[in-house]
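A.B. asks: Sequence:
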Amino acid sequence: MKNSDLFSKFILNIVLVLSICFSVNYCYAQQTAAPDSTGQTNEFELLTQRLVQDGFDQEKTKALFGNKAVCFDPDGVSLFFIHSESSLNYDQFSSPKSIANARNYMVTHKESLDNAQEEFSVDKTIITAILMVETRLGTYLGNRTVINTLSTMAALTDKSLAERVWGAISDSKKPERATFDKKVDRKSRWGYEELKALISYAHREGIDPVAIKGSYAGAMGIPQFMPSNALTLARDGNKDGRVDLFDHDDAIFSVANYLKHHGWKSGLSRQRQHKVLFKYNHSNYYVDALLKISDKLK
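Heads up, the final residue of the sequence shown is numbered 293 in the working numbering, and it's a clean run with no missing numbers.
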C-alpha cells in the first residue's frame, strides 16, 4: 500500500473516532439535560391545570409557571417541617439595643403609628413589637422566592414530589414519617390556597409575583403577612392607592387592621390581648415576647 493511501486511511480513522465520540457525548448531554428542561413542567403541570380549572387565566398561568425563575424548591420547603418555635431566642428582641431601635422606629414613623392607633384602636407599641419580631423593623425580610415556596407546598399532593422534600431533610432532623405525611397532607391544601391568594394579590397590585421575596413559610413584607391576609386584611397606609407590604406606612396600617379584625380594641385585658396576638402567630413564646416589648416601649 502506498504511503499516501496509508495516510488517507489514518485520517479517515481519526475522523471516524471523533465522530463517534461527538455523537456519544451529544447523546449523553441530551439525556442529562432532559430532566432539567422538562422537570419544571412536569413538577408544576398538574398544579397549572388545577389553577386554570379554578378560574385563573390559562395563558397567564402557563407563562407564569414557564418562567425559569419559578421552580420546585424541596430544600427551602424542607425547613417548614423542622421549624421549632421553642428553639427561637425571643429574648433578643427585648434587649436594650433592640428596644432602642424600636424607640427610634416609633419616632421615625410617629405620624403613621399615631394615625393607625387612632383609626384602629390598636396600641402603637404592639404594632411596633410585631414589626420588631417579624422582620427587625423591616431590616430582615427573608430571601426566599414566595411563589416557589407556595407552589412547591401546593404540589406535594404528588407523592413523588413529597418524597423529594422528605429526602431534603437531613437524617438528624427528620420528624417521624407519619408526622411528616400528615403535615404534608394538611399543608399542601393550605399552600394551594395561599398560592391562589398570592397570584390574585400580585395581579391586583400590579406586582410581579416572581419578584416577591419572603420567609421559608411564604410570609412576605415588613409585617410578614401570608398572601391570604395580604389580599383581605392589608391596608393602604400612605394613601397612594396601592397596598405594598414592603412600605412602612402600609405595613403599620395592615398590622393594626389585622389585630382589629381579630378582636383588638381599647381596654382589652392582658388575657384577651394574648388571645388576639396568638392569631398572628400560634406561639405562646411569640406572644409573650410581643407583650414584653410593648411594656418596655410604654
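For the record, the hints were derived by calculation from the structure and aren't laboratory data. Note that beta-carbon positions come from the ideal geometry of N, C-alpha and C, so glycine has one too. Careful: at least some of the hints might be erroneous.
Restricting the straight-line Cα-Cα distance to at most 25 Å, the calculated cross-link-like pairs of lysine-lysine (BS3-like) are [to be verified]:
no.	residue 1	residue 2
1	Lys178	Lys208
2	Lys105	Lys92
3	Lys57	Lys105
4	Lys287	Lys92
5	Lys191	Lys169
6	Lys260	Lys57
7	Lys57	Lys182
8	Lys92	Lys182
9	Lys182	Lys169
10	Lys92	Lys270
11	Lys255	Lys270
12	Lys105	Lys63
13	Lys234	Lys270
14	Lys293	Lys105
15	Lys208	Lys182
16	Lys177	Lys57
17	Lys191	Lys57
18	Lys260	Lys63
19	Lys191	Lys178
20	Lys291	Lys208
21	Lys260	Lys177
22	Lys182	Lys274
23	Lys168	Lys191
24	Lys293	Lys270
25	Lys154	Lys105
26	Lys291	Lys105
27	Lys270	Lys291
28	Lys92	Lys291
Simulated restraints on C-beta separations [what the hints assert, rightly or not]:
no.	residue 1	residue 2	range
29	Pro91	Glu54	50 to 60 Å
30	Asp52	Lys169	23 to 33 Å
31	Thr174	Lys105	40 to 50 Å
32	Asp235	Leu74	16 to 26 Å
33	Lys105	Ser261	44 to 54 Å
34	Lys293	Asp166	18 to 28 Å
35	Ala95	Gly262	28 to 38 Å
36	Phe241	Asp166	45 to 55 Å
37	Gly262	Arg98	41 to 51 Å
38	Leu83	Lys270	37 to 47 Å
39	Ser261	Asp166	19 to 29 Å
A.B. asks: Does each hint hold? Answer for all of them.
C.D. replies: Checked hints:
no. : hint                         : result
1   : Lys178 to Lys208             : 24 Å, holds
2   : Lys105 to Lys92              : 19 Å, holds
3   : Lys57 to Lys105              : 44 Å, violated
4   : Lys287 to Lys92              : 15 Å, holds
5   : Lys191 to Lys169             : 29 Å, violated
6   : Lys260 to Lys57              : 45 Å, violated
7   : Lys57 to Lys182              : 24 Å, holds
8   : Lys92 to Lys182              : 37 Å, violated
9   : Lys182 to Lys169             : 17 Å, holds
10  : Lys92 to Lys270              : 28 Å, violated
11  : Lys255 to Lys270             : 12 Å, holds
12  : Lys105 to Lys63              : 42 Å, violated
13  : Lys234 to Lys270             : 30 Å, violated
14  : Lys293 to Lys105             : 14 Å, holds
15  : Lys208 to Lys182             : 20 Å, holds
16  : Lys177 to Lys57              : 30 Å, violated
17  : Lys191 to Lys57              : 14 Å, holds
18  : Lys260 to Lys63              : 46 Å, violated
19  : Lys191 to Lys178             : 20 Å, holds
20  : Lys291 to Lys208             : 31 Å, violated
21  : Lys260 to Lys177             : 37 Å, violated
22  : Lys182 to Lys274             : 18 Å, holds
23  : Lys168 to Lys191             : 31 Å, violated
24  : Lys293 to Lys270             : 21 Å, holds
25  : Lys154 to Lys105             : 50 Å, violated
26  : Lys291 to Lys105             : 17 Å, holds
27  : Lys270 to Lys291             : 20 Å, holds
28  : Lys92 to Lys291              : 12 Å, holds
29  : Pro91 to Glu54: 50 to 60 Å   : 55 Å, holds
30  : Asp52 to Lys169: 23 to 33 Å  : 40 Å, violated
31  : Thr174 to Lys105: 40 to 50 Å : 46 Å, holds
32  : Asp235 to Leu74: 16 to 26 Å  : 34 Å, violated
33  : Lys105 to Ser261: 44 to 54 Å : 19 Å, violated
34  : Lys293 to Asp166: 18 to 28 Å : 47 Å, violated
35  : Ala95 to Gly262: 28 to 38 Å  : 29 Å, holds
36  : Phe241 to Asp166: 45 to 55 Å : 38 Å, violated
37  : Gly262 to Arg98: 41 to 51 Å  : 25 Å, violated
38  : Leu83 to Lys270: 37 to 47 Å  : 21 Å, violated
39  : Ser261 to Asp166: 19 to 29 Å : 52 Å, violated
Hints 3, 5, 6, 8, 10, 12, 13, 16, 18, 20, 21, 23, 25, 30, 32, 33, 34, 36, 37, 38 and 39, counting from the list given before, are not met by this structure.
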